[in-house]
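The chain contents come next:
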Amino acid sequence: MDILISGVGGQGTILASKILACAMMLDGHNARTGETIGMSQRGGCVVSHVRSDANSPYIPLGKADMLLSFELCEGARNLPFLKKGGVAVINTAKITPLTVALGASTYDEDAIRAAITARSDAHFIDANAAAAEIGSVKAVNTLLVGAACGLGLLDIRRESILEAIRMNVAPKFHELNERAFAAGEALVRK
Amino acid sequence: MKQIQLGNGAIALGAIAAGVKVVTGYPGTPSTEVLQTVAKYNKDKSINVEWSTNEKAALEVAAGASYCGLRTMVTMKQVGLNVASDPLMSLIYIGIKGGMVVLVADDPGPISSQTEQDTRHFAEYANLPVLDPSSPEEAYEMTKYAFDLSERVGLPVIVRPTTKVCHASAPIESDAPRYEYTLEGFVKDPKWCIFPPLAYRRHVEIERQQTEISAEFDKISFNRIEGSGTLGIAAGGVTYAIARDVIDELGLDVTLLKVGAAFPAPEGLETEFIKKANAILVLEELDAVIENQLFHVAGKKHLSLMIQGKHNGFVPSAGELKYDTVRSLIAGFAGVQLPKSEAALPSDLKLPARPPVLCAGCPHRASFYAVKLAAKKSGKKAVYCGDIGCYTLGNAKPLETTDTCLCMGGGITVAQGIAKAEPDTLPFAFVGDSTFFASGMTGIANAVYNNNKITVIILDNSTTAMTGHQPHPGIGKTMMDTQSEKISIEAVVRALNVKFVERCNPLELDKAVDTVKRAYESDGVSVVIFESPCIALVKPDKACEIVDCIGCMRCVKEIGCPAIYIEDGKAKINDTLCTGCGLCKQVCKAKRIH
Numbered sequence: 001m002d003i004l005i006s007g008v009g010g011q012g013t014i015l016a017s018k019i020l021a022c023a024m025m026l027d028g029h030n031a032r033t034g035e036t037i038g039m040s041q042r043g044g045c046v047v048s049h050v051r052s053d054a055n056s057p058y059i060p061l062g063k064a065d066m067l068l069s070f071e072l073c074e075g076a077r078n079l080p081f082l083k084k085g086g087v088a089v090i091n092t093a094k095i096t097p098l099t100v101a102l103g104a105s106t107y108d109e110d111a112i113r114a115a116i117t118a119r120s121d122a123h124f125i126d127a128n129a130a131a132a133e134i135g136s137v138k139a140v141n142t143l144l145v146g147a148a149c150g151l152g153l154l155d156i157r158r159e160s161i162l163e164a165i166r167m168n169v170a171p172k173f174h175e176l177n178e179r180a181f182a183a184g185e186a187l188v189r190k
Numbered sequence: 001m002k003q004i005q006l007g008n009g010a011i012a013l014g015a016i017a018a019g020v021k022v023v024t025g026y027p028g029t030p031s032t033e034v035l036q037t038v039a040k041y042n043k044d045k046s047i048n049v050e051w052s053t054n055e056k057a058a059l060e061v062a063a064g065a066s067y068c069g070l071r072t073m074v075t076m077k078q079v080g081l082n083v084a085s086d087p088l089m090s091l092i093y094i095g096i097k098g099g100m101v102v103l104v105a106d107d108p109g110p111i112s113s114q115t116e117q118d119t120r121h122f123a124e125y126a127n128l129p130v131l132d133p134s135s136p137e138e139a140y141e142m143t144k145y146a147f148d149l150s151e152r153v154g155l156p157v158i159v160r161p162t163t164k165v166c167h168a169s170a171p172i173e174s175d176a177p178r179y180e181y182t183l184e185g186f187v188k189d190p191k192w193c194i195f196p197p198l199a200y201r202r203h204v205e206i207e208r209q210q211t212e213i214s215a216e217f218d219k220i221s222f223n224r225i226e227g228s229g230t231l232g233i234a235a236g237g238v239t240y241a242i243a244r245d246v247i248d249e250l251g252l253d254v255t256l257l258k259v260g261a262a263f264p265a266p267e268g269l270e271t272e273f274i275k276k277a278n279a280i281l282v283l284e285e286l287d288a289v290i291e292n293q294l295f296h297v298a299g300k301k302h303l304s305l306m307i308q309g310k311h312n313g314f315v316p317s318a319g320e321l322k323y324d325t326v327r328s329l330i331a332g333f334a335g336v337q338l339p340k341s342e343a344a345l346p347s348d349l350k351l352p353a354r355p356p357v358l359c360a361g362c363p364h365r366a367s368f369y370a371v372k373l374a375a376k377k378s379g380k381k382a383v384y385c386g387d388i389g390c391y392t393l394g395n396a397k398p399l400e401t402t403d404t405c406l407c408m409g410g411g412i413t414v415a416q417g418i419a420k421a422e423p424d425t426l427p428f429a430f431v432g433d434s435t436f437f438a439s440g441m442t443g444i445a446n447a448v449y450n451n452n453k454i455t456v457i458i459l460d461n462s463t464t465a466m467t468g469h470q471p472h473p474g475i476g477k478t479m480m481d482t483q484s485e486k487i488s489i490e491a492v493v494r495a496l497n498v499k500f501v502e503r504c505n506p507l508e509l510d511k512a513v514d515t516v517k518r519a520y521e522s523d524g525v526s527v528v529i530f531e532s533p534c535i536a537l538v539k540p541d542k543a544c545e546i547v548d549c550i551g552c553m554r555c556v557k558e559i560g561c562p563a564i565y566i567e568d569g570k571a572k573i574n575d576t577l578c579t580g581c582g583l584c585k586q587v588c589k590a591k592r593i594h
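Going line by line, the protein sequences match chains H and B.
Position one of the first sequence corresponds to residue 1 (this note's numbering), numbered consecutively onward.
Position one of the second sequence corresponds to residue 1 (this note's numbering), numbered consecutively onward.
Bound-form chain H, shown alone (with noise of 0.2 Å):
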């Protein structure tokens, strides 16, 4: 199984990442992942390969099962690791880069979800306002994992995935998480 997640530096990406292969581990996978750290974080493209049972932690082109972004244009940006028709759960809520407002690119949000749409089996989700509905725009992450996993697909158990969230995050914290992640997969089950 492989789940390619995007976004932007600063959104949480990674911690959604280690929820997910820690679930794997737990269901007892060979679980791994790669990750973009480094001068990315500053607001840049960011993406992480999860996988089970694999040797290389990154996943090859046209081969991920599941693209989950939390960003619409990274999605579009990241759709050749998706095989065909493979599963998008896609963040609608944009950051839109500083080259946009300095006139050096543009953000064309109807051609970014046709693409997508075309591709993949699509969701378009604003995960954004779900996580501030239930408290905090911080738990967006959790919220998407639970996206994921709410369409069935993924080969994770659901309870794997609610220990790892357990496991990953602030005791705190496990309230609010739990409930991002039910709020995310009510979204998709809609």
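By construction, these hints were calculated from the structure, which means they are not laboratory data.
Worth double-checking, as some hints may not be accurate.
[To be verified] Think about it this way: if two alpha-carbon atoms lie no more than 30 Å apart in a straight line, the pair counts; the simulated DSSO-like pairs of lysine-lysine are:
1) H/94 to B/589
2) B/585 to H/63
3) B/350 to H/83
4) B/144 to H/172
5) B/585 to H/138
6) B/397 to B/542
[Said to hold, decoys possible] Quick list of simulated restraints, FRET-style, between CB atoms:
7) H/190 to B/248: 55 to 61 Å
8) B/325 to H/92: 31 to 37 Å
9) B/542 to H/28: 47 to 53 Å
10) H/53 to B/296: 35 to 41 Å
11) H/30 to B/299: 38 to 44 Å
Every residue gets a Cβ at the ideal spot worked out from N, C-alpha and C, and that includes glycine.
On the provided structure of chain H, position chain B as indicated by the hints.
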């Protein structure tokens, strides 16, 4: 219990299991999390962990502890090894007592570095054993082995992961029993003082040891031959893991030589490999280390061989070897036709570029902007000499206030050279607070001593931000959870005889501009210390708000804050990003930002 750990965490846990007692280092991507993880798993404080002021200091502290018989580890990135190379080269001749691991993370790409230097080559130059892990699991095992090897041969051992091992994660044993031993303490002996006759004797011994270690590297499991077939592929580091997956995916019958302990070369194993293979493909990132070894062994043993590698241009000589590159290289070598891949994106889809930027509310933005405005008033050509840190991002539009960037501390001294060559320019040097302590102080002393008139802008954001917020001497917080007296940057600069020294909040724009102007107008070397904490350290203020924007775009064009975006020709503020720093309010001439 196993936990998902980064490769860097795996190295830390391997060192803890091996009984490491002193860990020193200087932050640098992709190595930083190694030392941090040791500190995290050091609840009983039985391991002495420190962020040293730079890599040279780190290596020397560890050497002293190792002389006493403690197991030690020093952590750094590849360019940090350049700084530590002076003590390391001599330490090889002195030797060590307690096992010593020098953890040097290389960065193919490069992703977060100035160079693509290959530490395996450094190890060869220095006659030091080097281990090159292919995964977090192997990094854990190699680190444990490295301590044992180091103690047996009396030499430091380099463990050299690359970014894709450092920042990959896998399940790792997190509470293995720790190797126990008793401290012998420092035993006085002439062998601890380096003198030419001793150096000669040691050199003879070091050369002799190479053969012994090479023989051991023929047998350890980190080096091995897998599979069969007359096509041979040799690979090291993470490229081995990728090659393994590709070979399995394509169902190829090949002989795969895995080189995990790269120097001294496992010549016996390499000879066996050359004899098995009719044609050889060498896959390795950075330099052609394994490839050179194969040529060398073949020459020594009079074996003929045909290598597809970096030397004949078959394998790229720079950059990362990603899965798809390795796949097409292996397919090309083995004569396998790969199916044509379909384009995943419509060719006319334009995606916005998203380069890394200074964060919204970053005080460096205000500092750069103030210096730029002040410099304009001089009517002279200003040259902005930058340095290593988040503030290297000052080179981007619209600030464009980083004209040069060389190495840690280099901005201060490069600016002096520009001042000598072109006295009519206005040379500015920028340096961060952590970099100031690492290697900025000597450069300022040089400027004062040699009367090289420059203006140094110290960007004091109370942390080592780029690598993830490590403390430093100006903060006083230590990795042992104690608080030392903070070293005042201002007091240090004054002690260096700089006459113009002023501290200033860069977010007070007019005052900041005036301070910089008075600095460069003063006689001699001048220093402005811009003090404002990194946004990651403080709670944000209320977000700014734009009311009735007139659409002049001044805020966007002048300061380029990522929290400001344009909608229908008007500037708007993304209030999840805005920290309320207020710089845009001071820039908006129409006074529409509140």
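So, going through the hints one by one against the coordinates:
no., hint, in the structure
1, H/94 to B/589, "holds, 28 Å"
2, B/585 to H/63, "violated, 48 Å"
3, B/350 to H/83, "holds, 21 Å"
4, B/144 to H/172, "violated, 36 Å"
5, B/585 to H/138, "holds, 27 Å"
6, B/397 to B/542, "holds, 27 Å"
7, H/190 to B/248: 55 to 61 Å, "violated, 41 Å"
8, B/325 to H/92: 31 to 37 Å, "holds, 33 Å"
9, B/542 to H/28: 47 to 53 Å, "holds, 49 Å"
10, H/53 to B/296: 35 to 41 Å, "holds, 38 Å"
11, H/30 to B/299: 38 to 44 Å, "holds, 41 Å"
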